[in-house]
Amino acid sequence: MSALAVRGLCVEFASARGIVRAVQNVSFDLAPGERLGLVGESGSGKTTTALSLLSLIRPPGRIASGEILLDGVDIARATPSALRRMRAARIALVPQGAMNALNPVLTCGAQFADLFAAHGAPGGTARIAKLLASVGLGVEVATLYPHQLSGGMKQRVCIALAIALRPAVIVADEPTSALDVIVQKQILKTLLAVQRDIGAAVVLVGHDMGLMAQFAHRIGVMYAGRLVELAFVRDIFATPRHPYTRMLIDSLPGFGARGVFKGIPGLPPSLLTALPGCSFAPRCPRAGPRCTVEMPQTRILEGGGEVRCHDA
Amino acid sequence: MVGYLLRRIGMAVLVMFVALSVNFAIPRLMPGDPVEQQLAAVSAAGGQTGDMAEAAAAMRARLGLDRPLAVQYLAFLANSIRFDLGVSVASYPQPVAEIVLAGLPWTIGLLGTATLLSFVVGSLLGAMLAWPRAPKLLKFLALPVVVLSAVPYFILGIVLMALLGILWPVLPVAGGYPFGMVPNADFATALGIAKHGVLPGLSIVLASLGTWAVAMRGMVVGVLGEDYIMLAEAKGLSERRIFLAYGVRNALLPQFTQLALKLGLLVSGAILVEVIFAYPGIGYRLYVAIGQKDVFVVQGIVMLLSLSIALAMLLLDLIYPLIDPRVAARSA
Ligand SMILES: Nc1ncnc2c1ncn2[C@@H]1O[C@H](COP(=O)(O)OP(=O)(O)OP(=O)(O)O)[C@@H](O)[C@H]1O
Ligand SMILES: [Mg+2]
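Quick note, the sequences are listed as chains A and B, same order. Residue numbering for the first sequence follows numbering that gives the first Met the number 0, beginning at 0 and increasing consecutively. Residue numbering for the second sequence follows numbering that gives the first Met the number 0, beginning at 0 and increasing consecutively.
Just so you know, not all the hints are guaranteed correct.
[To be verified] Going by beta-carbon spacing under 8 angstroms, a handful of chain A positions derived as facing chain B:
id, residue
1, 53
2, 83
3, 84
4, 86
5, 87
6, 92
7, 99
8, 100
9, 160
The set of hints was computed from the structure by calculation and includes no laboratory data. Beta carbons: idealized from backbone N, C-alpha and C, even for Gly.
The whole structure should be built from the sequences, with the hints applied where relevant.
Structure follows, in structure tokens:
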């Protein structure tokens, strides 16, 4: 029994130039207590996927098709009141850019209080103090306003908010991207500790493969709105099957020659026009004639991984 | 906090001081000698003409203009602080302060009420227009209000006067109270005063409602796009609570700044409305004084204008930390 099942998720944005297909046919299962990392370059649809999981896509975007199953309820089609009850209580969000994620005119304590009030949950200062302590913050933070906190502290408050009702799933969208390396590690440690404590499954979005390898059980690689590879951390680093995954791993900074920035040549394709073949084909060193005409389907590999590539 | 208060009050005093100094300097920097002009006017009118130089010296001495500039300046400041603004030339020897004070309650009553009313109704309307599920009908009804805000208030005033005062005469079109009424502290007096305020008040409200609504709608839409609204949704808060306690609450902050500015400009804000409706407020008195070249009355009213702006800003500075903790932090 999985904690969360995503089936054929498609998300579109209506724009003046046409329909942007930001997420296309993404499917994955999340086991209880599992930590799944989602990586991919900017614009690959990570945030869009993450927000869909709580049905937080705003117009002009919409979940065009697919199912997001949690406790037997399809979040993509749940009623507003059912959604409201599930959010934070069953599936919680740690937002991208915690800098502006807290209401500037409310104290942190008040932002916990309205969460408890919305769910009819017992709150109180003692409960808030305990939550703050679990993310390494002092009780006095409850009386402070967001602008009185550092970026790292704000991110911790967001994590404490996310675990407040002990949800089954936590979706964390680049919780560390605006922070320095030391604070990044501390925040991930905190997230790991609270996740273990409440036994929640986590979807962690990021683009740092190295950081992700230390946190996640499995890693999903997104490219142009599609999940192109999904495998256990060990397998994906040892034997990356998709050429894009390989290039991502190869572009990790190592001890190579000075002044050489390894990267992936070319740019991701426009999401406005649907290519008939693989969306990575134009940049792929291994692309054959088949790749530009036929969309590769997801194949299950022996080790439990999945890949979307004709050549893998 | 005490330091903040003192700094703000000090600032207000400084603003007043500068305003007073400018008020002192401008008539003295203007080309031509007012005394000689006055005497020339008298003689041109066929008045008594003796030794011009002697008459001018006498007049200068009477007005204190023969003393050194520094002495004049200090005397002016001292008098201003005591609200001794000199005497009216046109209705000599009535003190200027008396004229100004007589007009003040009318202006504050009419314009204060109209400004607050359009702020409240306009902001409410703007917030409702920003409500994601606002009924289409509301947007439709709001359109004329927004269009009206493009019409100057004095044009609206004239149109209203023609419609409700003359074509279909239900409301008085001039004055601040029924003609010949002896004011008493009773209901009839209050009703009479209120009736006279309706048309001028309505023209101001109608003309500014749209501006408030459009500004508020823009602010709410902006706030609703903020990251913290998304997190509030992710926390499972109800749509209503997010809209009111997060959206509208935060969008009101800049509206309050606008309100304070508007209140500061109250005295001069709608001079033309007072003129059109012969409303006995400050604006009307200013208009009359300008017509009569009553320099001291004009000067007194201009001074009141600076004073009210300084006071409004001070009030805003004192209230703002209570509604926006970020300002409180910067000011601590
Ligand atoms: N409101 C919107 N309107 C139109 N297109 C949008 C909108 N939001 C996102 N998109 C498009 O969806 C695609 C995916 O965006 P998304 O934010 O999910 O990327 P991401 O992988 O999270 O990138 P990053 O690493 O920069 O956060 C982008 O190409 C973007 O142009
Ligand atoms: Mg993102």
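A quick look at each hint next to the structure:
1. 53: With Cβ-Cβ at 6 angstroms, under 8 angstroms, it holds.
2. 83: Holds - the Cβ of residue 83 of chain A comes within 8 angstroms of chain B, reaching about 5 angstroms at its closest.
3. 84: Since chain B brings a Cβ to about 7 angstroms from residue 84 of chain A, closer than 8 angstroms, the hint holds.
4. 86: For residue 86 of chain A, the interface hint holds, since the closest Cβ of chain B sits about 4 angstroms away, which is under 8 angstroms.
5. 87: holds (5 angstroms)
6. 92: holds (4 angstroms)
7. 99: holds (4 angstroms)
8. 100: At about 5 angstroms, which falls below the 8 angstroms cut-off, the nearest Cβ of chain B leaves the hint on residue 100 of chain A intact, so it holds.
9. 160: Where the cut-off is 8 angstroms and the nearest Cβ of chain B is about 7 angstroms from residue 160 of chain A, the hint holds.
Violated hints are absent here; each numbered hint is respected by the structure.
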